[in-house]
Amino acid sequence: MRLLLESSRRFFYRHPGQLLLALIGIAAGVAVVTGVALMRDVLIDALDSATESLSGSETIRITDPRGPLDESLYRQLATTPGAPALLPVLSSRLRYGDRMLELLAVDPLSLDRDSAVRPTGSATGQLLTQANAAVVSETTLQRLGLGPEGVLEVSHSGETLKLEIVATVSARRELDDRVIMDLAAAQHLTGRRGELSFIETSSQHRDWLIEHLPEGLELVDAQQRRESAAALTAGMRANLTAMSLLSLAVGLFVIYSVLAFLLVQRRRTIGMLRAVGVTQGRIQALLALETVILAGLGALAGLALGTLMASALLDLVRQPVAELYRMVASAGIRPSLGLYATVWVMAVIMALASVYGVLREAQRIPPGQLARTVHETRPAGLQLSRWLPGLLLVSGAALIVTTRGLPPVMAGLFLMLSGCALLAPAIGMQLLRLFSVRGSGLMPRAIKMLMSSRQRLAPAVSALSLALALSAGVGMMVLGFRATVDDWVSRLISADVYLTVSQGQLDSQDVEDLRAWPEIEMLTSSRQIRMDDGSMVVGYDLNRKAWAAFEWVSGDRESAQPAVEAGTAVLLTEPMARRKGLEPGDRIELATPSGAASFDVAAVYRDFSNDRGLVGLIGWRFRELWQDEQRDSIGLYLQAGTGLEELESKIADAYPAGNLTTREQVREQTLAVFDRTFRISWALAILVGMIAAIALISALLALGLERGREYATLRALGLPRRGLAGVVLTQTTSLAAIAVVMAVPFSMLIHAVLSLAVQPRAFGWSLALTWPWQPLAVIIPLALLLGTAAGAYPAWKIASRDPAPLLRAS
Amino acid sequence: MRLDTVIVLVLVLLTGSWLAWQTRPPEPPATERLRVQNLMSGESEDFRRVTGPEPLSFPEDHAQHPDYQNEWWYFTGNLETAEGERLGYQFTLFRFALPPGEGLDSAWATEAMWMAHLALSDGRSERFYQAERFARGAMGLAGADEQRWWLRDWEVRLDDPAWRLVAEADDFALELELTPQRPLVLQGDAGYSRKGPDPGNASRYYSITRLATGGEVRIGDEVLSVEGLSWLDREWGSSQLAEGQAGWDWFAIQLDDGRDLMLARLRNEDGSDSEWSYGLLVEPDGRSRYLNAEDYRAVVERRWRDANGNRWPVEWRIEIPSAGLNIRTRAVFDDQHWQQSVDYWEGMIDIHDQGSGEAIGRGYLELSGYGEG
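Chains as they are written, first to last, in the numbering used here: chain A, 1127 to 1936; chain B, 300 to 672.
Don't read these hints as lab results, they were simulated from the structure.
These numbers come from a predicted model, not from an experiment.
Check before you lean on any hint, since a few could be wrong.
As the list claims (entries may be wrong) - Per the computed footprint, the stretches of chain B lying under chain A, defined by three or more beta-carbons under 8 Å from a beta-carbon of chain A, are: (1) 315-323; (2) 388-399; (3) 437-448.
Unchecked claim - Footprint (simulated), chain B over chain A, 3 or more residues, beta carbon under 8 Å: (4) 1229-1237; (5) 1254-1266; (6) 1302-1311; (7) 1418-1427.
What the hints assert, rightly or not - Ranges between beta-carbon positions, derived for each pair: (8) B:ARG323 to A:MET1657: 33 to 41 Å; (9) A:VAL1471 to B:ASP520: 44 to 52 Å; (10) B:ASP404 to A:SER1462: 42 to 50 Å.
The C-beta atom is built at its ideal place from N, Cα and C for all residues, glycine as well.
The following block holds chain A by itself, in its conformation from the complex (with noise of 0.2 Å):
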């Protein structure tokens, strides 16, 4: 083995390229799946972690299912004979730029000794007296750009706070971007006074609180909490999985290429190797050890990379959470050794079961072939029959369209794309062949060359068109959806000009004020209430023009508007619906705080605001369950001929807190945050083409290098070293032109899976199909000039080199 070791070694040597690229390869494809295995874990585990650093591991969280809880409750319990070291905490949302803070109010006194932030010195006395003091970590320091005892500039429901950081504490990932500051500053910033938010304790004096606790608060364990983010952020999770595990497909197709060509160049050896006795089970286990090796350090640099990435990609992550589901997560990734086991130990098996094929066709070779026979063998991974890839295409298909659930989706594309790997091949070269039929001269000719070594060519072909139609179907899917979404809200936002306040709140009564100005020719006002699992409850007061606005998915307004508006009907957006399983008809239940209350489903509408849906109800039925008069915005019909300017200043005088947003402000905020939300599908989007990249230089490369001794006939015939440059170009060019032919219809097929089966199923909501043509136009140009370019190298190496040793070799 010693000895076969050596000469796969010497091997590697004199082609180094070949090993980087196969490294490059599956370290690419390891690189993404740790990258978003590290990001989806900060999505549900870390969520707790800076409550974590403040009160211990392990804690329990009282909290009042129908609001902020009461602080006298705290006094209650805290001065309760045998009491637990209790923690009240307030939390927040703050804006810095673009963004979210989370403002968690404590009061230090009652933190936990070994807390990060328990008082010492003075800043625990500038905490408690003073109306700005903050505390943060170091970190959160350093990504806000801020230095020690600087003032940190927030916005808090639309009103600036200026907070003076009085002290740092150490440097804990889990308390990025939190800002800490005591009860009485939080509550009289944020004109919260008498609540708070949660109130934590450690996990063991459970039994004490049930006892204790008055009825109607309950006790969330932090596995309940971990589960109720996991839910919020299912669909989220899902598409980062489903990008991270077809970037391993693509990857893994990148390595079988790298060995099914290394396997190529080295029949020769392998051939004098079985002539010096060197048995078929050696050979194997010697192909199989090298692909572990190499497979093994790739995967082992794709973790490395993959950290780094998850690193600098996670706020790409963070951000849309943060502005979705209300969660500020952790700014630091939590890498665990399971984790990076469980992925290197996948990526190295499947790198083996990739290289099967080659492995079967390394055992066919008979001792002392010292070249290729003129007549090519079928590699056995692809003698695979004609009709499994259409076999592949039908299940997988009969798989989505039969199912519901997300997982099934996935297999099904899974199963879909494969089929489409295995097609590539076959269609590419029958379009290679049209080509070269026709006409004579170099360029069928050397298309002609191509298309003898097609089945050498077959998994770089599947590779390279794959990864190039992911990059662009999830780049067809984001822009088809932002057009959707574009389109509904464009269509939602009926009123001129919304009202909100950034403190206190508005009411009835100023509905009824703002009715009776002359500039006002209709209003609608709404109140939400978000529900324990992160769904919301909606009170409308709708007008003819918003009840028009609404798009109905089933329904329709004419039998739902009386519904609704006499209080015994709902509506539902279409997450919720289907969420929960409901149409027009069926009946669903609500837990009020006037106790539950049942209504009839009126219809289903298009939102695409909350993937865990919302329920509308009608204003005055909403506030007698609710008891709540509050309205979070009103929406203002303008009387023709009144100016925005001058309701401005007549809205400044009555509300000096009012802020006016237009109807165009929010359909920029509305697709700012939806950018904001597929920033990390575009990086993985680019991250798939670079793999798709690599895979084409290794594919063309080996094309070059593989048909030296053709060449160097062609040059023996007298064709000039340009003539044969060009020949080269051709090759690859047209290698490259037939991936992104195929990549055509691929990205198509993804593109429709992905917007008409697992948006649905992973958020809830439908998207109509679009075909917007950009990724296609950037990524058509971007790989034929990378087929060019990457065929530059080996037609000068091939029009320099003397053709005679090549010739002498066969």
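Fit chain B to the supplied structure of chain A, relying on the hints for placement.
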């Protein structure tokens, strides 16, 4: 081994260790200790200072004095089970006033930070139990009025003429009744206890030096009936330590002959005795006599080294010629070391006659300023 293999192995090893380093658990944050000097000597114009004698009145002066920067209610005591096993306890409530606030619109807004220390010395196992709590002086979480001194559910309540002390920590608890056996005594000059050259380096200070104590002590699941003697110290002011003073050694001694003795030996930063050291001798009939630095001599006989290498003087020889006392004090056991936010030593001691070696009393010793190097 070939060079390339070595290079690959080194790279693998480096990458592997980098990955392993990524999975390290987060480091626990560094916790900082409060410095006694900072707590006791911070001078602020926002607070009144004690500059001379003023009449005290009770029960009003049992309640907190928010105009002054710091204040404490301090119980220590030697206890015994029916089998004669030794226990000691300490319960202290500290108030530290905060700089004036900005009038925050919140029920949590506070003018003071409160700290409570609860300790139990178990002479049988030589274990020292300690628990510390903080609370703000708002929301009814901590405070002191004429009838009740409390921090959350730890409290001392006046049940005339006795005090009832109830405090429960995770692994131990006290429930004691303390009945004064002699009248309250004013320390220093009618309660004006001067500690430095500036008349403002002073506190208002009174004590009840002998309280008959009975009740229950819980250690883990074990409940013990106990009896013994306690000592109460009450002190408030705005700047107790003068510039250049490093700490103090405080003795509260109850002698079998009925006399009670308090010695406060102030130490300068250079280790020497401060001329501002003071003391008080209380006769069995309740009459008391002020002692100044020249009236007594305290010499360290033995030091105990804690895990951090700090050396605590746990054994002393004390001479008070005017009282005919030449005594030796010994810690009942060495490790009665407070290690929470504040680093000090507070524990039960035995008193022996220096000449005969005979046990002649019991007491409590507090050592401060040794653990902050």
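Outcome of the hint check:
Residues of the region 315-323 of chain B with a Cβ under 8 Å from some Cβ of chain A number 6, which satisfies the need for three, so the listed coverage holds. With 3 residues carrying a beta carbon less than 8 Å from a beta carbon of chain A, the region 388-399 of chain B meets the three-residue requirement, and the given coverage holds. Counting residues of the region 437-448 of chain B whose CB falls under 8 Å from any CB of chain A gives 4; the rule of at least 3 is met. With 3 residues having a beta carbon nearer than 8 Å to a beta carbon of chain B, the region 1229-1237 of chain A meets the requirement of three or more and the stated coverage holds.
Judged by the Cβ-Cβ criterion of 8 Å, the region 1254-1266 of chain A is covered by chain B as claimed, because 4 of its residues qualify and three suffice. Counting residues of the region 1302-1311 of chain A whose CB falls under 8 Å from any CB of chain B gives 4; the rule of at least 3 is met. For the region 1418-1427 of chain A, the stated coverage by chain B is satisfied: 3 residues place a CB nearer than 8 Å to a CB of that chain, which reaches the threshold of 3. A hinted range of 33 to 41 Å holds for the C-beta pair ARG323 of chain B and MET1657 of chain A, which are about 39 Å apart.
Distance hint check for VAL1471 of chain A and ASP520 of chain B: the Cβ-Cβ separation is about 49 Å, which falls inside the suggested range of 44 to 52 Å. For ASP404 of chain B paired with SER1462 of chain A, a C-beta distance near 45 Å keeps the hint of 42 to 50 Å intact.
Of the hints listed earlier, there is not a single one the structure fails to meet.
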